[in-house]
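Given chain A, work out where chain B with the ligands should sit, using these hints.
Line by line, the protein sequences are chains A and B.
Numbering-wise (this note's numbering), the first sequence opens with residue 305 and increments by one.
Numbering-wise (this note's numbering), the second sequence opens with residue -13 and increments by one.
Because the hints were derived from the structure by calculation, they are not lab data.
Where hints are given, some of them may not hold.
Derived lysine-lysine pairs resembling BS3-like cross-links, with alpha carbons at most 30 Å apart [what the hints assert, rightly or not]:
1) B:Lys18 <-> A:Lys439
2) A:Lys470 <-> B:Lys154
3) A:Lys315 <-> B:Lys17
4) B:Lys154 <-> A:Lys394
5) B:Lys18 <-> B:Lys35
6) A:Lys470 <-> A:Lys394
7) A:Lys383 <-> A:Lys394
8) A:Lys349 <-> A:Lys315
9) A:Lys439 <-> A:Lys315
10) B:Lys154 <-> A:Lys383
11) A:Lys349 <-> B:Lys35
12) A:Lys433 <-> A:Lys315
13) A:Lys439 <-> A:Lys349
14) A:Lys439 <-> B:Lys17
15) A:Lys470 <-> A:Lys383
16) B:Lys35 <-> A:Lys439
17) A:Lys470 <-> A:Lys349
18) B:Lys17 <-> B:Lys35
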Amino acid sequence: MKTPSNTAAHKGYLLCHTCHLLSQAGIGVHSSHCSRCGTRLHSRKPNSLSRTWALTLTAYILYIPANLLPIMTVTMSGKGEPDTIFSGVKELVTGGMWPLALLIFFASITVPVLKLLTLTYLLLSVHFKSSWRPKERTTLYRITETVGRWSMIDIFVIAILVALVKLGSLATIEAGAGAVAFGGVVVITMFAAMSFDPRLIWDALENNHE
Amino acid sequence: MPQQTNAQAESRTHLTACHDCDLLFHIPHLKKGEQAHCPRCGALVMERKGHSLDYSLALALTSLILFVMANVNVLLRMNVGGRTQAENIISGVNELYVQGYWEIAILVLIVSIVAPLLKLLCIFYVLVPLRLNFRLPYAKEVFGFYEVLNPWSMTEVYMLGILVALVKLADLATINVGIALYSFAALIPFMAATDASLDDHDIWESLEPTD
Ligand SMILES: [Zn+2]
Ligand SMILES: [Zn+2]
Ligand SMILES: [Zn+2]
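For reference, chain A alone in the conformation it holds in the complex (with noise of 0.2 Å):
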């Protein structure tokens, strides 16, 4: 397969990041900073590899307390009955709400594991200068990036029951801390994404036939 080299880095040309305009490199004494924004220009996001390494790795670690840990403790006439991710799903199944068990094993459970992994591949990818698929790892990317957002439901419905249910001696209920871990893997994955650089994947490509 041969790669056009007719790419904005290879004729010398830089995509602003906030407005899109295209800038010639080197032109003009504010040559550094898009003409029409002001943003600084790169050819591509500085660090992007270093960057989401790290946040990737960060998210990993957080991903174990995140699942061993509480996210809520519900309390009915005394008795306390920490909840984890996963045993929340699993009451969900025993109740028979089928449909919630699958909407939340999905977007708590599928997702997060799966932008992980899948990042952890598109690092790899770019690290080993694969070509193999580029338009389908480009896919996979914005995929990523945009349905991230949907394991945020398990911290909202937490949200909301903490402040619903409290009822005294009746029934409270409590976050916990694997809550925050989760919280936290959500967030550091969507930062993740977001300092990955989907033009590396292309980059590779044109090097191996140069």
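Just chain B with the ligands now, with coordinates in the frame of chain A:
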């Protein structure tokens, strides 16, 4: 210098690059409602939406009214054994804070209240002057900030969270739905329509000083 200025003008009028794969190509001439995709990676690179500023502003104003209604009214009310507990969006944040989980309290506050509100205010700050032909300082920075806020505004995810909480509590107690919930449910399509109506390429071009 004139040669360089020409080269810059040349690059501005004819070429653009794909933000996902860096391919250079000529800026396509799009008619209203048309989209252009990158020939190499398939990314949506440009879209001429062709909605008027009035249309976007009307949607943004409706969204703002619904947002205020969703935040000042009661979202859910629970009745158990003669006791009633009412809540709105901010009381969830407050309760998390009181329980000592300030990290999640701040997170929920940002993605469910601060980001959506700031997003709408940014839209007014940028579009109202464009519509009425005057200039406000930092309009470009504000519009850039709007685009930064976008992924952090999670009203639609919060709505799904409300529905999950409702189903979870259904067996436990009687839940009454408040005005805020209807306002919140209506806010989501209006917010999405507001975002979809904005043509960022058009707006950036309008914000460019004509010198
Ligand atoms: Zn710019
Ligand atoms: Zn940059
Ligand atoms: Zn492309």
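To see whether the hints hold, each was checked on the structure:
1. Of the supplied pair hints, the one linking Lys18 (chain B) and Lys439 (chain A) holds, its CA atoms being roughly 28 Å apart against a limit of 30 Å.
2. In summary, the hint linking Lys470 (chain A) to Lys154 (chain B) is supported, as the alpha carbons are separated by about 15 Å, within the 30 Å threshold.
3. Among the hinted pairs, Lys315 (chain A) with Lys17 (chain B) is consistent with the structure: their alpha-carbon atoms are about 29 Å apart, no more than 30 Å.
4. Taking the CA atoms of Lys154 (chain B) and Lys394 (chain A), the gap is near 13 Å; set against the 30 Å cutoff, the hint holds.
5. The straight-line distance between the Cα atoms of Lys18 (chain B) and Lys35 (chain B) is roughly 6 Å, inside the 30 Å bound, and the hint therefore holds.
6. Restraint check for Lys470 (chain A) and Lys394 (chain A): the C-alpha separation of about 24 Å stays at or below 30 Å, so the hint holds.
7. Taking the CA atoms of Lys383 (chain A) and Lys394 (chain A), the gap is about 19 Å. The hint holds against a cut of 30 Å.
8. Of the supplied pair hints, the one linking Lys349 (chain A) and Lys315 (chain A) holds, its CA atoms being roughly 18 Å apart against a limit of 30 Å.
9. Distance hint between Lys439 (chain A) and Lys315 (chain A) is fulfilled; the C-alpha atoms sit about 21 Å from each other, no more than 30 Å.
10. The suggested pairing of Lys154 (chain B) with Lys383 (chain A) holds, with an alpha-carbon distance near 19 Å, which does not exceed 30 Å.
11. Between Lys349 (chain A) and Lys35 (chain B) the alpha-carbon distance is near 28 Å, which keeps this suggested pair within the 30 Å criterion.
12. For the suggested pair Lys433 (chain A) and Lys315 (chain A), the alpha carbons sit about 21 Å apart, so the restraint of at most 30 Å is met.
13. Annotation: proposed proximity of Lys439 (chain A) to Lys349 (chain A) holds, straight-line Cα distance about 19 Å (limit 30 Å).
14. For the hint pairing Lys439 (chain A) with Lys17 (chain B), the CA-to-CA distance comes to about 27 Å; that is within 30 Å, so the pair holds.
15. With a C-alpha separation of about 15 Å, the suggested pairing of Lys470 (chain A) with Lys383 (chain A) holds against the 30 Å cut-off.
16. With a C-alpha separation of about 26 Å, the suggested pairing of Lys35 (chain B) with Lys439 (chain A) holds against the 30 Å cut-off.
17. Pair hint Lys470 (chain A) plus Lys349 (chain A) does not hold up; C-alpha atoms about 47 Å apart against a cutoff of 30 Å.
18. With a CA separation close to 9 Å, the supplied pair Lys17 (chain B) and Lys35 (chain B) stays within the 30 Å bound.
The structure fails hint 17 only (numbered hints given earlier).
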